[in-house]
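Engineer: Here's the letter readout for the chains.
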Amino acid sequence: MNKRIFLLLPLLAFVAVGVFFYSALFSDPRELESALVGKPVPDFQLPDLLNPQQQTDVSSFGEGPYLLNVWATWCPTCRAEHEFLNTLAAQGVKIVGLNYKDEPTKARRWLAQLGDPYVLNVLDYEGTFAIDLGVYGAPETFIVDRQGVIQYRHVGDVNVRVWQEKLADLYRQAGE
Amino acid sequence: MSTLYRFCVALIAVIWAVSAQAAIDAYPFEDAAKEAQFRELINEIRCPKCQNQTISDSDAGLAKDLKDKTYEMVQQGASKQQVIDYMVQRYGDFVHYQPPIKQSTWVLWFGPFAFLLIAVVGVMIMIAKKRAPKAAAGQLTDAEKARLQELMKKDDSNS
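First to last, the protein sequences are chains A and B.
Start counting the first sequence at 158; every next residue gets the next number (our numbering).
Start counting the second sequence at 1459; every next residue gets the next number (our numbering).
None of these hints come from the bench; they were simulated from the model.
You may find that some hints are simply not true.
[Unchecked claim] Distance condition first, Cα-Cα at most 20 Å in a straight line; then the derived SDA-like pairs of lysine to any residue:
#	chain 1	residue 1	chain 2	residue 2
1	B	1507	A	204
2	B	1587	A	162
3	B	1507	A	160
4	A	258	B	1519
5	B	1507	A	162
6	B	1588	A	201
7	A	160	B	1522
8	A	160	B	1576
9	B	1522	A	283
10	B	1587	A	164
11	B	1507	A	309
12	B	1588	A	161
13	B	1522	A	161
14	B	1527	A	199
15	B	1522	A	260
16	A	160	B	1586
17	B	1507	A	213
18	A	263	A	204
19	B	1527	A	294
20	B	1527	A	285
21	B	1587	A	285
22	B	1527	A	201
23	A	263	A	277
These figures come from a predicted structure and were not determined experimentally.
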């Protein structure tokens, strides 16, 4: 009788492995949790994209909550999310931009043509501030709370679905 | 024939020399110890963009930025641990190919040994079981022998 139970072991092992692999099908290994969650936005000294004579630092972002959006004109997904960022800005969501390793003239033309949802854009031509933020691609969007602490990092485009399912709540909590 | 051979050898030599030159030129070092440390680091730091490659292997823009940063820090005299700490602070444990031992990485570090232990215990149980019945069959106690005799007699008388 006992031996019969042992015969079930391979089946149980198969089911366990199957559940593990099945769940892995729906998780994206490229989505990394930011190491900066719970830490303040690092400081930087970089020019303003629209006015390069003007130096900016972390205090230029002003009071939270805000979204810190990493973008570039060479990034197709940034183009895809731009309309929705315009929509969010129109709804009163505060967005600051980090123009990442981009041509400043192209970036300014992009904002002039597609609309500018950002209250401020930092020109990070070398990508130094981006390294301090742990940025590994574009677009990335950080949710920063009232105390200037990073609460969440979203990798990939911000769209209606992502906003409604996840980011809207986190943004609201960041403002509390 | 010999001119063609010489030409080929010369061509290979030139290509090799140019590529070797390029590899050295990218990150020139005067201090051999620093260069060794740099090579070790870029083969241990994982590219966050193009996963499963070190920043040494990868051609991604970010990998180059991180190599540049590593070069700058090593040139300024940073220790190996300082460079790794710098990267982990920004990109998390993911960025280092030798993850630290902590609760979330226990499965990673000790999982294989756990499976080995299960296998060893399993094999030991199997061996023990194979031996046990043989030993028992050969050695009935006197009481058991008497009972066996009795049962066999009964069986005979029934038939």
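Engineer: It remains to establish, for every hint, whether it holds in the given structure.
Structural biologist: To see whether the hints hold, each was checked on the structure:
no.	hint	verdict
1	B:1507 x A:204	violated (26 Å)
2	B:1587 x A:162	holds (16 Å)
3	B:1507 x A:160	violated (50 Å)
4	A:258 x B:1519	holds (10 Å)
5	B:1507 x A:162	violated (47 Å)
6	B:1588 x A:201	violated (71 Å)
7	A:160 x B:1522	violated (59 Å)
8	A:160 x B:1576	holds (18 Å)
9	B:1522 x A:283	holds (11 Å)
10	B:1587 x A:164	holds (16 Å)
11	B:1507 x A:309	holds (19 Å)
12	B:1588 x A:161	holds (17 Å)
13	B:1522 x A:161	violated (59 Å)
14	B:1527 x A:199	holds (17 Å)
15	B:1522 x A:260	holds (18 Å)
16	A:160 x B:1586	holds (15 Å)
17	B:1507 x A:213	violated (28 Å)
18	A:263 x A:204	holds (16 Å)
19	B:1527 x A:294	holds (17 Å)
20	B:1527 x A:285	holds (9 Å)
21	B:1587 x A:285	violated (65 Å)
22	B:1527 x A:201	holds (16 Å)
23	A:263 x A:277	holds (17 Å)
Comparing the model with each numbered hint stated earlier shows that hints 1, 3, 5, 6, 7, 13, 17, 21 do not hold.
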